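S.K.: These are the residues of each chain, in order.
Number of protein chains: 2
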Amino acid sequence: MSSTSKNSNTIRMKIVLIGAGNLATHLGKALKEAGHDICQVYSRTLASASVLAQALGSDATDDLTLLADDADAYVISVKDSALDQVPATACMGRGKGVFLHTAGSIPMEVFNGRVPHYGVLYPMQTFSKAAEVDFSVIPTFIEYNDDVAEKTIKALANSITQRVYTLSSADRKYLHLSAVWACNFVNHCYDISSKILAAHNVPFDVMLPLINETARKVQTLSPHEAQTGPAVRYDENVINAQTQLMADSPTWQKLYRLLSESIHETHKGQ
Amino acid sequence: MSSTSKNSNTIRMKIVLIGAGNLATHLGKALKEAGHDICQVYSRTLASASVLAQALGSDATDDLTLLADDADAYVISVKDSALDQVPATACMGRGKGVFLHTAGSIPMEVFNGRVPHYGVLYPMQTFSKAAEVDFSVIPTFIEYNDDVAEKTIKALANSITQRVYTLSSADRKYLHLSAVWACNFVNHCYDISSKILAAHNVPFDVMLPLINETARKVQTLSPHEAQTGPAVRYDENVINAQTQLMADSPTWQKLYRLLSESIHETHKGQ
Chain E
1 MSSTSKNSNT
11 IRMKIVLIGA
21 GNLATHLGKA
31 LKEAGHDICQ
41 VYSRTLASAS
51 VLAQALGSDA
61 TDDLTLLADD
71 ADAYVISVKD
81 SALDQVPATA
91 CMGRGKGVFL
101 HTAGSIPMEV
111 FNGRVPHYGV
121 LYPMQTFSKA
131 AEVDFSVIPT
141 FIEYNDDVAE
151 KTIKALANSI
161 TQRVYTLSSA
171 DRKYLHLSAV
181 WACNFVNHCY
191 DISSKILAAH
201 NVPFDVMLPL
211 INETARKVQT
221 LSPHEAQTGP
231 AVRYDENVIN
241 AQTQLMADSP
251 TWQKLYRLLS
261 ESIHETHKGQ
Chain Y
1 MSSTSKNSNT
11 IRMKIVLIGA
21 GNLATHLGKA
31 LKEAGHDICQ
41 VYSRTLASAS
51 VLAQALGSDA
61 TDDLTLLADD
71 ADAYVISVKD
81 SALDQVPATA
91 CMGRGKGVFL
101 HTAGSIPMEV
111 FNGRVPHYGV
121 LYPMQTFSKA
131 AEVDFSVIPT
141 FIEYNDDVAE
151 KTIKALANSI
161 TQRVYTLSSA
171 DRKYLHLSAV
181 WACNFVNHCY
191 DISSKILAAH
201 NVPFDVMLPL
211 INETARKVQT
221 LSPHEAQTGP
231 AVRYDENVIN
241 AQTQLMADSP
251 TWQKLYRLLS
261 ESIHETHKGQ
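In order, the protein sequence lines correspond to chains E and Y. Positions 1 to 270 (UniProt numbering) are the ones given, in order, by the first sequence. Positions 1 to 270 (UniProt numbering) are the ones given, in order, by the second sequence.
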């Protein structure tokens, strides 16, 4: 993995943005703020394309065959499952610009044979439409198939963030898997915690200092060093007692057992 | 659950601290800073009792029969499994002071029949000896068996933190379970994430902005609202592909499946 530093001299590019979801919205705004011209926004429904197009000063379309032909970059930011279909239509007859997608788990090769210059720009962050995002600190992983794509994708990435890394599709799959653990599964643990509290009339905000400290610790310690709790020493009294407290949720019980065993496996003999 | 506000007029108390681990160390320092007199520190080994006693200006002992008889409070901060044994010896012949322990998952009743005044003071945070801790923001859950214990334990708690809640032993068990989810299991997810990255030569620090944002989101959204990722919509392509990436770790595969199913259960039909 190699990293490049932020380029202060942004080359203004003409961009077609395909997608109008959370990531497309935040990315489109960051690209516009960096000085690029988002000439067009596509979405499956004209209504959602129009909302984002208006915010970006762009045209809106719901027809992939009507994309501009003369953009420097086509940024496809749609849900993973749509990356089976969208490139086939979007790429057709548009060989000059660089095509790229923004998905963590989809290989660059979805563009292979469709256009000459292509790649990936994956900003690894969790996006909600409501929350403001500071793109400049988001680690962003890029990949490109040739020198033309490299130049364009590096310029785009460096114009919006200081943390740009080149990473192959093969390694990016593991990065995305790792992000599912550190974000999606972590959040589900928060959710189970909040539901247990709610059942006992304790507000979730009592848990926030612990959540914050747990996240803060791994800024300086490895998660392995930071691990605490009954599972580290496999304290069966606590583990059995806590399992019984979740008698009305067999799924949580199974998860609790398996997480405890997994923690113990990692720490035993230390 | 009821809460009381921080008392600015600390009543100086004479305290015996039983235990010298992470929590005992941080709690002892916070109590000393609040103006109390930690007259004695007990630990199973004189060496570790002495280290903490020196920091607190106290006497050290490794003999529970030699505890001071005239303390206002006896704070037992030992590992959960030792709470079977320690109170029996520590309480013997010391009926004037208030006895309390600091454990999330142990009922107050371990003191029942041993001394007249007793209770619990559970600061819900994850402690490492190295990291500095601001006790004043730690939610602290107290319980007491009578008016004498109530007065002493409330005064102690209010002298070190602004967030004091009264909670029964029965509900505190669920609070502790909830903390295991929000801290210990969350940290294990970080650990698995870091191990997957390490196997592909990606430094864990690329994951920190995502970890921070995931924790930050639940300060304003419920975890249920904040949930993202392939499991919400049960995207089987991604789930199957990611499961296969962990072929060398059957435990992680099982956890991944079960966490994904649990997320989907929670979100289906929405």
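None of these hints come from the bench; they were simulated from the model. For clarity, every value in this text was computed on a predicted model and none was experimentally measured. Hints may be right or wrong, so weigh each one.
It does not matter which identical chain is meant; a pair holds if it fits inside one copy or across any two.
Once the Cα atoms are required to be at most 30 Å apart in a straight line, the calculated DSSO-like pairs of lysine-lysine come out as [claimed, not checked]:
1. K154 <-> K195
2. K268 <-> K79
3. K195 <-> K79
4. K14 <-> K268
5. K254 <-> K268
6. K195 <-> K32
7. K14 <-> K154
8. K29 <-> K79
9. K154 <-> K79
10. K32 <-> K268
11. K32 <-> K254
12. K29 <-> K254
13. K268 <-> K154
S.K.: Now, for every hint given, state plainly whether the structure supports it.
M.R.: Against the structure, the hints come out as follows:
| no. | hint | verdict |
| --- | --- | --- |
| 1 | K154 <-> K195 | between (44 Å within a copy, 28 Å between copies) |
| 2 | K268 <-> K79 | between (41 Å within a copy, 18 Å between copies) |
| 3 | K195 <-> K79 | both (29 Å within a copy, 27 Å between copies) |
| 4 | K14 <-> K268 | neither (56 Å within a copy, 40 Å between copies) |
| 5 | K254 <-> K268 | both (21 Å within a copy, 20 Å between copies) |
| 6 | K195 <-> K32 | neither (40 Å within a copy, 37 Å between copies) |
| 7 | K14 <-> K154 | within (15 Å within a copy, 65 Å between copies) |
| 8 | K29 <-> K79 | within (19 Å within a copy, 52 Å between copies) |
| 9 | K154 <-> K79 | within (23 Å within a copy, 53 Å between copies) |
| 10 | K32 <-> K268 | neither (52 Å within a copy, 36 Å between copies) |
| 11 | K32 <-> K254 | neither (47 Å within a copy, 43 Å between copies) |
| 12 | K29 <-> K254 | neither (43 Å within a copy, 39 Å between copies) |
| 13 | K268 <-> K154 | neither (45 Å within a copy, 39 Å between copies) |
Taken one by one, the earlier hints fail for this structure at numbers 4, 6, 10, 11, 12 and 13, listed in ascending order.
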